[in-house]
Amino acid sequence: MMSGLFYISGMALEEKRAWILAVVAACAYAVYLALVLPRLLDAPAADVPYAAALLWTAGIAVGTTIALHVAVRMAAPRDDGRRDERDREIGVFGEHVGHSFVVLGAVAALLLALAEADHFWIANALYLAFALSAITESISKIAAYRRGVPRW
Amino acid sequence: MRPTRVTNSIRELRFARGRMTQAELADRVGVTRQTIIAIEQGRYSPSLEMAFQIAHALGATLDEVFQYPQDEGDPP
Chain A
82 MMSGLFYISG
92 MALEEKRAWI
102 LAVVAACAYA
112 VYLALVLPRL
122 LDAPAADVPY
132 AAALLWTAGI
142 AVGTTIALHV
152 AVRMAAPRDD
162 GRRDERDREI
172 GVFGEHVGHS
182 FVVLGAVAAL
192 LLALAEADHF
202 WIANALYLAF
212 ALSAITESIS
222 KIAAYRRGVP
232 RW
Chain B
414 MRPTRVTNSI
424 RELRFARGRM
434 TQAELADRVG
444 VTRQTIIAIE
454 QGRYSPSLEM
464 AFQIAHALGA
474 TLDEVFQYPQ
484 DEGDPP
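Chains as they are written, first to last, in my numbering: chain A, 82 to 233; chain B, 414 to 489.
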């Protein structure tokens, strides 16, 4: 059953890992929003408890990603886990795209801090940036595996 | 979008070399089967080093394996 779920013929191991990260990151952030947004409607941002939800969803996302990476590796014994120059090139391309969102999040957090915004907004700007970074990095990698690495 | 203008004859040469499979070629070159598939389909342009390794594995010259279309007006 597990092998049926995780061994998709013709898909590189690194592409499977990109799919896992994209889905897990999107789901974790969606759960976080579902937990915190209703609270934000009832109270000012300074009084909204968000830290536990943020840490739990981020922690569970990291743990789930690691567990699923191990699962796809074990379920696909024919994949030798080799990482060749195409994987590395696509990896660099994806990280290049994803890191841009980390920079944007850092700039947003800096501006919020300078404006003396509440910790809630600074933490959430950073968490959103991390989530977008993971999702866009993964989507970029998947697109590169499917359609090729863009040349410019 | 086609990421590369490089075309190749890997598939034809594999069949000409006793129906070598993509997996066998990948093992000889030291890359994944998915990379060989991507190169054959024109979705990935390999490095010069990998191109030479593929040519050697197929027992062919680089020109026999890879082709690059010349634009009109380009020097021959």
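Treat the hints as calculated values from the structure; they're not laboratory data.
Please read these numbers as outputs of a predicted model, since none were measured by experiment.
Hints may be right or wrong, so weigh each one.
[To be verified] Listed next, with one range per pair, are the computed distances between beta-carbon atoms:
hint : chain 1 : residue 1 : chain 2 : residue 2 : range
1    : B       : 460       : A       : 147       : 40 to 46 angstroms
2    : A       : 111       : B       : 425       : 21 to 27 angstroms
3    : A       : 121       : B       : 434       : 35 to 41 angstroms
4    : A       : 114       : B       : 453       : 31 to 37 angstroms
5    : B       : 420       : A       : 164       : 25 to 31 angstroms
6    : A       : 123       : B       : 454       : 24 to 30 angstroms
7    : B       : 440       : A       : 202       : 49 to 55 angstroms
8    : A       : 227       : B       : 460       : 19 to 25 angstroms
9    : A       : 173       : B       : 440       : 22 to 28 angstroms
10   : B       : 477       : A       : 152       : 17 to 23 angstroms
Glycine included, every Cβ here is placed at the ideal spot set by N, Cα and C.
Hint by hint, where does the structure go against what was stated? Just the numbers, ascending. Per hint list: 1, 2, 3, 4, 6, 10 violated.
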